[in-house]
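Protein chains: 2
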Amino acid sequence: MTTPIPDHRFLRALRREPVDMTPIWIMRQAGRYLPEYRATRERAGSFLALAQTPELACEVTLQPLARFALDASILFSDILTIPDAMGLGLHFVDGEGPKLRHPLRTKADIEKLGVPDPETDLRYVMDAVRLIRRELNERVPLIGFAGSPWTLACYMTEGEGSSSFSRAKALALDDPATMHRLLDTIARSVASYLAAQAAAGAQALMVFDTWGGLLPPAQFREFSERYLKDIVHRLKADPIAGKLPVTLFSKGANGHLETMADSGCDALGVDWTIDIGDARRRVGDRVALQGNLDPSFLAASPDAIRTEARRVIDSFGAHPGHVFNLGHGITPDINPEHVAVLVDTVHEYSRRG
Amino acid sequence: MTTPIPDHRFLRALRREPVDMTPIWIMRQAGRYLPEYRATRERAGSFLALAQTPELACEVTLQPLARFALDASILFSDILTIPDAMGLGLHFVDGEGPKLRHPLRTKADIEKLGVPDPETDLRYVMDAVRLIRRELNERVPLIGFAGSPWTLACYMTEGEGSSSFSRAKALALDDPATMHRLLDTIARSVASYLAAQAAAGAQALMVFDTWGGLLPPAQFREFSERYLKDIVHRLKADPIAGKLPVTLFSKGANGHLETMADSGCDALGVDWTIDIGDARRRVGDRVALQGNLDPSFLAASPDAIRTEARRVIDSFGAHPGHVFNLGHGITPDINPEHVAVLVDTVHEYSRRG
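These protein sequence lines map, in sequence, to chains A and B.
Just so we're aligned, residue 10 is where the first sequence starts under the numbering used here, counting upward by one.
Just so we're aligned, residue 10 is where the second sequence starts under the numbering used here, counting upward by one.
So here's chain A without its partners, still in its complex pose (with noise of 0.2 angstroms):
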């Protein structure tokens, strides 16, 4: 009765082929708004240690599809592990996020940098995908992922979160050369990283762009576009990723979906600020798209869900290539009775006769 995993409805929509019923997962789906997740995080002692331990990350992963007829799967991690293999130090610390004790400051912090070794400085996140895959059991495909290059020099000139990342954007400006050499260590450590992924059991692969919409049109052109571009590539080339869905996600960054759309990537991440049939029309049938509900929206109504839902599916219209999917993650206020009545009303409204 199982489908054979490689004809997932979630694996066929992001390579644009007919499906069933239109997929659906949720960003940040392991999270604060499932009481199952704070009770795990509680034992664990701390997000690191949730984080950092394959088999209470494993837990968490497979919560939500416990609750949920889910259509993916994404490894529970954290898109910092990347800098904290590369020794800058991740901690958090309470109700203010991630920070790292070893910022980047200086021109020699960049050139000192080097390109971690999944299966040794990242053997907790390669260990967790394997025990996932192993105990998902084929039931959903398995995403696998990381932060873009832009994104973590954000953080790691930083040190912490900011709503400007000014840092990352003076040095940018002031040291091109400088930056385009962290950009790059970054994107090889990605690359890498996600191969590794693949390698271990991930069955889709997808790089967040989190901050990249931060940046004015050129600037994004030149220090985040450019370097999804290199990572897409290198995952090609490559005799395992290459043969994986890679799907890229720049918030905010709408204004560049075109030229994403020819970066050689399988499907483009689509925040709620657009109106996904005219994203579509946009990127035409290169991409598949994955969106856009607003997250703000699971704190309506349960009709209001249904109803906002069944726009987002009918904008996007009768093509191939949907993966139905939130704006931005979930946030830890949601009901999670609010997101059943999303997911069913996905799975029922734009199921095929």
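Calculated from the structure, these hints are not laboratory results.
It is possible that some hints are incorrect.
[Stated by the list, open to error] Covered by chain A, according to a simulated footprint, are these stretches of chain B (three or more residues, beta-carbon under 8 angstroms): (1) 175-183; (2) 221-232; (3) 277-286.
All values reported here derive from a predicted model rather than from experimental measurement.
Even for Gly, the Cβ is constructed at its ideal location relative to N, Cα and C.
Position chain B against the provided structure of chain A, taking the given hints into account.
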């Protein structure tokens, strides 16, 4: 030697008339990046005392003009003066931004809101406008401003800042009639408040839709843009305000420039995530544009600031109707000398033979 103020290059540019050089002012130009501002703020005892004491508001409004060759001044005030006048209890918690003591939680809360009378309920603002206009002594025009209905509704329902304002969004979906009632009350209040600022001496008017860009397109049109247009129509029908240029600025809403340009406004603010030349091609000669240097670029070196300022001017091109500005407010970390570099570069580079 003084140019009569109606012919000042700032007002001429807003009317899309030829100018001798591109005018510039800077969002939040009276602010924490200036030591003299911090001294006055210290003397005032609190941000609220500073904003609510006309003599002090006048003092900080004029401070940046003493340092830089800016082409406009803007009333020093807060966008939450209207919710405060409606009885919601504006206050500031150090390091946390504005808060409202009585956020709107029920339909009844919304139904009992009235439209404040500017000359009684917001007398301190009108007194500040009159005093600033007198003290300016026709050096440069004075801009009056208000927050947009959607942006004020976000704060009024949430009670404080938020990255998503999901309370406002959920109300908009679950009870659109009540949200429209709220937005209509605010729109009438904003129009009356701006008309009163015009009567008190403001020479240009601006509406800041700081959070419009958080909405998906359909909801932006229904809950934000509609009320921006309503305000423009009301102002254009006013005997005094009707003669002043009106600028609308929806941050993060570049997908809506064309329809915003059809609102009857005179100019649009443009954030830094779009090439201003592309924005100009999209709106044609219907409106002037104000923007759009990335505020973070002021953290870079003077040379980089000059390069990027020239890029914005070149991108806009040799057309009438450009008011140079940042794409959003200046931040407290900026060196005031970098602002001088920007202002001088804009004037020198744009000077027409």
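Cross-check of the supplied hints:
no.: 1; hint: 175-183; result: holds (count 6)
no.: 2; hint: 221-232; result: holds (count 7)
no.: 3; hint: 277-286; result: holds (count 4)
Checked against the numbered hints above, the structure violates none of them.
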